[in-house]
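**Student:** Just need the whole structure built from these sequences, with the hints factored in.
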Amino acid sequence: MMEGLLAGFASVLQPQNLLFSLLGAFIGTMIGVLPGIGPTAAIAMLLPLTLGLDPVTAIIMIAGIYYGTCYGGSTTAILVNIPGEAQSVVTCIDGYQMARNGRAGVAIGMAAIASFIAGTLGAIAIGLVSVPLINFAIRFGPPEFFILMALGFAVLLVLSKASPVKSGIMICAGLALSFVGQDAVTGVPRFTFGMPELLDGISVVTVAMGLFGLGEVLHNLERLQARTVDHVPIKNLLPTREDWRLSAAPILRGSGLGFLIGLLPGGGATLASFISYAVEKHVAKDPSRFGKGAIEGVAGPEAANNAGAAGAFIPLLTLGLPGNPVTAILLSALVLHGVAPGPLMIEKNPQIFWGVVASMYVGNVMLLVLNLPLVGVWVQLLRVPYRVLFPSLILFMLIGAYSINNNLFDVVMLLVFGVAGYVLRKLEFDTAPLILAFVLGQPIELALRQSLMMSRGAPEFLLTRPIALGVLAAIVMVIALPMLKPARRIIVQARAASDD
Amino acid sequence: MSTAVRTTLSGIAFLAFGIASLYVGADLEMGSVLVPGPGALAKAALWGLVILSILLVANGRGKSGIAASPGEGTLPEEPAERGSAVRIAVTIASILAFILAVPTLGFLLSSAVLMAVLAGLGSEKPWSPMAMLGGLLTAVAAHILFVKALGVPLPAGSLWGG
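The listed protein sequences correspond, in order, to chains A and B.
Our numbering numbers the first residue of the first sequence as 174 and each following residue consecutively.
Our numbering numbers the first residue of the second sequence as 8 and each following residue consecutively.
Treat the hints as calculated values from the structure; they're not laboratory data.
Only a predicted model underlies this, so the values are computations on that prediction, with no experimental measurement involved.
Keep in mind that the hints are not guaranteed to be accurate.
To be verified - Here are some, though not all, of the chain B residues that point toward chain A, as calculated from beta-carbon distances under 10 angstroms: (1) Val42; (2) Val57; (3) Leu62; (4) Ile99; (5) Phe114; (6) Lys155; (7) Gly158.
A virtual CB, placed ideally from N, CA and C, is assigned to each residue, including glycine.
**Tutor:** Set out below in structure tokens:
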């Protein structure tokens with residue numbers, strides 16, 4: 174592992190890669206500061222720009238963008254109570270209160286330091302966990318992959334913000350859309366309406382850019398009133414000894430919790446930050462301090478969202494399975510650059526695998542260097558009204574969509590999915606399950622077909638696959654757990670009644 | 008429009024989408040259990056969509072509350088401004104017009120017009136000439152960045168012999 178990691182660092186520390194890592198972190202932070210465009214849309218929009226770069230450099234830049242967007246949102250959350258990204262919503266609660274108490278600098282400093290520590294621990298954990306997991310995953314065959322993907326869908330149903338029925342609809346719609354194009358096994362065209370442009374299917378980047386980018390811009394057009402950005406004095410950025418004493422445990426808890434949540438399908442930075450805040454409030458000696466400027470309410474969630482972002486890389490790099498929309502886009506980015514993530518990636522493309530791991534660490538250093546001295550620049554950026562920004566964002570997406578295949582058809586698809594994204598949001602559908610089902614549709618179909626052929630029509634074939642059986646048991650548990658909740662409530666009510 | 012009505016309407020829309028797709032894909036072969044055909048999983052997904060849509064319509068409402076932010080959580084919602092529906096409709100129509108114009112007028116001219124329209128639409132004082140000029144300049148700057156600096160081949164337009 175050490176050898177690989179050192180090779181990864183040697184690759185990332187080359188001047189060209191270092192420059193693109195810095196550029197990615199800078200653009201990412203800039204986008205993270207702006208409300209509206211999240212990491213998924215940012216990566217989808219900027220992906221075409223990386224096509225001319227060599228794969229290692231491109232992936233390093235994309236990783237920088239991802240970390241930058243995760244990082245940037247916290248600054249505006251603290252200074253002006255506007256979360257740049259959804260994962261910074263929690264930081265608003267106590268971060269903004271700290272700013273109002275004259276401690277904006279410490280809040281920003283702690284957010285940056287907590288993110289840096291968590292990101293570093295996350296990068297180390299990826300290095301440590303990946304190799305054993307890959308050695309285990311090499312034994313996976315089509316049945317294991319099929320059941321693993323099915324487990325992903327089950328977890329999505331349980332964790333999704335929308336109702337299970339709505340999430341189920343999104344999964345089915347995503348699967349159906351993924352089957353548009355030529356069938357990989359028989360070559361039969363499916364749902365192409367005789368259009369040659371659809372034979373290769375619909376581009377993942379176009380779908381993501383439409384749903385998450387254009388859809389978001391259309392949603393933001395509902396409110397164009399200028400934001401008021403008050404002048405908040407930023408004095409000392411470094412936390413005091415007392416701040417450190419209060420924050421050390423939340424940072425470590427947030428890092429561990431965030432990493433584990435990041436591993437889950439449907440998990441990731443946002444969920445991690447919300448859960449970390451709840452945990453910190455729960456374990457605090459005086460929970461009433463939360464919401465009034467408690468530094469633990471900044472340190473824990475900020476650590477958790479960065480560790481969650483790192484954890485989400487594990488299923489992608491080791492199994493080739495994305496767990497959230499950001500990693501789904503990263504998967505398509507890797508494929509665009511001729512890299513197939515999965516258990517064999519470390520063997521076939523070790524420079525990319527370890528390059529990505531090393532770039533996470535380097536990216537975190539870049540972000541620490543960027544975020545603290547440039548706080549003033551990010552605040553100035555916030556003063557640019559959205560009404561000035563949105564035409565450029567739309568133009569950027571139109572050029573990005575066109576440049577995927579040098580075809581206007583992708584621009585049409587961008588508009589279709591942009592409108593769909595806006596409408597689905599208005600109807601309170603969570604589009605994350607749709608994009609994941611869309612990305613996993615083809616692989617899950619292939620795995621199912623191969624599994625059925627391997628079984629030779631005998632369903633007891635599964636009994637000879639202990640890993641598949643284990644994952645199957647996990648699916649049953651994931652589906653059964655929420656059902657236990659009402660059962661628990663009934664027991665509690667029954668006990669209360671008997672006490673009376 | 009209430010959440011219940013919106014949910015019912017969305018259920019009906021997905022039901023229609025599922026049934027129409029099943030009709031379009033009716034010819035796709037299901038294959039056998041051992042060798043599933045190209046229609047097996049596609050139709051299974053569409054039947055799932057149809058059944059869940061019926062359930063959604065029957066329930067009349069899903070889990071209501073905060074609107075789901077695409078993918079990664081929820082941001083606090085504020086009510087939409089007056090006239091925003093027109094703004095969104097004009098934006099969508101402008102993008103559509105841009106797509107139709109590109110093959111003839113080329114990317115530069117079409118995007119310049121689009122940017123001027125969008126900038127004018129969004130400006131504090133609607134259709135302010137300065138804002139529209141800003142939009143136009145954005146298109147020119149994007150053209151220089153993408154075509155000249157990054158070498159992205161954007162269509163020149165048949166009108167100019169492209």
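**Student:** Evaluate each hint against the coordinates.
**Tutor:** We went through each hint and held it up to the structure:
Look at Val42(B): its Cβ gets to within about 7 angstroms of chain A, closer than 10 angstroms, so that hint holds up. The beta carbon of Val57(B) comes within 9 angstroms of a beta carbon in chain A, closer than 10 angstroms, and the hint placing it at the interface holds. Checking Leu62(B) against chain A by beta carbon gives a least distance of about 5 angstroms; that is within 10 angstroms, so the hint holds. Annotation: Ile99(B) was flagged as interfacial toward chain A, and the flag holds, the nearest CB pair being 6 angstroms apart, inside 10 angstroms.
Among the interface hints, the one on Phe114(B) holds; its C-beta lies about 8 angstroms from the nearest C-beta in chain A, closer than the 10 angstroms criterion. Violation of the interface hint for Lys155(B) is found here, the shortest Cβ-Cβ separation to chain A being roughly 13 angstroms, above the 10 angstroms cut-off. The interface hint given for Gly158(B) holds, since its Cβ lies 7 angstroms from the closest Cβ of chain A, which is under the 10 angstroms cut-off.
Consistency note: the structure conflicts with earlier hint 6 alone.
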